[in-house]
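Kindly generate the complete structure, drawing on both the sequences and the hints.
Single-letter residue listing:
There are 2 protein chains.
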Amino acid sequence: MSDARPIGVVDSGLGGLTVVKELLRAMPNESVIYFGDTAHFPYGCRSEEAIRRNGMQSARFVLGHDVKMLVVACSTMSSVLLDDISKEMFDVPLIGAIVPVVKAAAKRTMNKKIGVLGTAATVNSRAYEKIIRDIDPECKPYQKACPLFVPIVEEGLYDSEIARLVAQKYCAGLVEQGTDIVILACTHYPLLMETIQETVGANITVLDSALWIAREAREILHAIGGFCPQSMDNERQSWFYVSDVAPTMIQCASAFFGSPMLDLMKVELSEVEKSI
Amino acid sequence: MSDARPIGVVDSGLGGLTVVKELLRAMPNESVIYFGDTAHFPYGCRSEEAIRRNGMQSARFVLGHDVKMLVVACSTMSSVLLDDISKEMFDVPLIGAIVPVVKAAAKRTMNKKIGVLGTAATVNSRAYEKIIRDIDPECKPYQKACPLFVPIVEEGLYDSEIARLVAQKYCAGLVEQGTDIVILACTHYPLLMETIQETVGANITVLDSALWIAREAREILHAIGGFCPQSMDNERQSWFYVSDVAPTMIQCASAFFGSPMLDLMKVELSEVEKSI
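Protein sequences, first through last, are from chains A and B.
Position one of the first sequence corresponds to residue -14 (our numbering), numbered consecutively onward.
Position one of the second sequence corresponds to residue -14 (our numbering), numbered consecutively onward.
Among the hints, erroneous ones may be present.
Which copy is meant is left open, so a pair is good if it fits within one copy or across any two.
[Stated by the list, open to error] Here are the computed lysine to any residue pairs in the SDA-like style, where the Cα-Cα straight-line distance is at most 20 Å:
{"no.": "1", "residue 1": "Lys154", "residue 2": "Tyr143"}
{"no.": "2", "residue 1": "Lys129", "residue 2": "Thr233"}
{"no.": "3", "residue 1": "Lys97", "residue 2": "Asp121"}
{"no.": "4", "residue 1": "Lys97", "residue 2": "Ala157"}
{"no.": "5", "residue 1": "Lys92", "residue 2": "Asp144"}
{"no.": "6", "residue 1": "Lys6", "residue 2": "Thr94"}
{"no.": "7", "residue 1": "Lys154", "residue 2": "Glu140"}
{"no.": "8", "residue 1": "Lys129", "residue 2": "Gly141"}
{"no.": "9", "residue 1": "Lys154", "residue 2": "Asp144"}
{"no.": "10", "residue 1": "Lys88", "residue 2": "Lys125"}
{"no.": "11", "residue 1": "Lys251", "residue 2": "Glu34"}
{"no.": "12", "residue 1": "Lys129", "residue 2": "Pro232"}
{"no.": "13", "residue 1": "Lys115", "residue 2": "Ser(-13)"}
{"no.": "14", "residue 1": "Lys129", "residue 2": "Leu9"}
{"no.": "15", "residue 1": "Lys251", "residue 2": "Glu33"}
{"no.": "16", "residue 1": "Lys88", "residue 2": "Tyr155"}
{"no.": "17", "residue 1": "Lys53", "residue 2": "Ala11"}
{"no.": "18", "residue 1": "Lys98", "residue 2": "Asp165"}
{"no.": "19", "residue 1": "Lys92", "residue 2": "Val52"}
{"no.": "20", "residue 1": "Lys129", "residue 2": "Ser244"}
{"no.": "21", "residue 1": "Lys92", "residue 2": "Phe75"}
{"no.": "22", "residue 1": "Lys129", "residue 2": "Gln236"}
{"no.": "23", "residue 1": "Lys97", "residue 2": "Ile120"}
For the record, the hints were derived by calculation from the structure and aren't laboratory data.
This is the structure in structure tokens:
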């Protein structure tokens, strides 16, 4: 059994490319259709209503492309509208950004104290808190909103005194509260992994959501016999769509993707709307 | 002669409230109709096309309210689409964010070297460079994009080691190049005025755009006899509209406005579209 269709990935911007990188690393034989809502990025500072409207529109665009699975790469989007998306999906698996990494965290924590670093909207939604308690009611979640991490990453300041000071500011509480696992609950944060790990110290395990999303995707495709046939090895191509393209985005996309970026194809918002 | 109509102010988000604060400080008898496009904020990282589409829609919303003057508070918006707006305005004066402060800078510079701190989109548009040369061809502009300033302000970190390090990073080049005037070309930056002034030193004059926009508005209304009649002193009310309201915005609005914020009224994007 095999399935040659691409994996769909939807995100609020370009950060979801860190998830695409891990998906293609875990399954080099697969291809991806990506949509990043760069016209409304960042979702982290928007109202739930705006996230719902723009996020559903983005998800529907990807679902309109005959994908074999939908990955919601953005934690903010996952925290607000995963249930809404699942109501419109009947025949393909849906993977959000939150459950895979929380399962990994719950399995690894020794003292049942799990820290979460995320955007303001993700933290306000309390989605991680809820899912952590659902997966292991004994676990205690500690959340911290980190609005400066995204622009620091977009400025390329991963390894700077500024990044270290900001990481100290955001992580101090989680260290004090004695968490032994910290989840990076935003697609941008993996680029700050080293700085954050250095800040919290070697006794705290820092988990990158992207890695666990990719593992979950591979497990599911393995279970349903949904991998791409080996014979198509040389024909694989991925497609990257966005709702706005500004000059700085190309460079940003390459940083997230980990290699020079392929074409970012712009989709007019009205086209996306029409596809609803 | 007098004119009881309100002054219209359009902005990409809430930062334009720093301009409203200066307008009402310069003309306490006036009232304002404000629209902030918080559903698409920040404009600084978008394409020209997106800024044009969303900015025109926002300007038209304000112009639909019988205002006696339109102030474009956002530098990014001013740099990209002031000409487009002026083509749709026939009977009321239009004030952009750029010309008033550039005139003040050109009058004050001793060595004809003017620094500009702004968003990526403002700097990429080269609008300040062009207007500085138009106003005084002998002046040399030095621009620097400062993407971290906006989120630092939104995090309330005006007076922090993080703000100082970031200011040093952004201002070092302008100091080296010997500028004697630095323009704060974004509505958010006045909240970092002290930190920036401290960073560049007392020999460099830092100019806040909001102040000069307000002075220009007062001069124009004075010249055309357009002030509100004194008798209406106690009836003045301002209206603040936005395209999205998230929990963090209320607090942010108060910081920009300099006092506890009045109601932010949400306008549905579709309503704005209909008003075109």
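Worksheet item: Which of the stated hints cannot be reconciled with the structure, identified by number in ascending sequence?
Response: Structure breaks hints 5, 6, 13, 14, 16, 19, 20 and 21.
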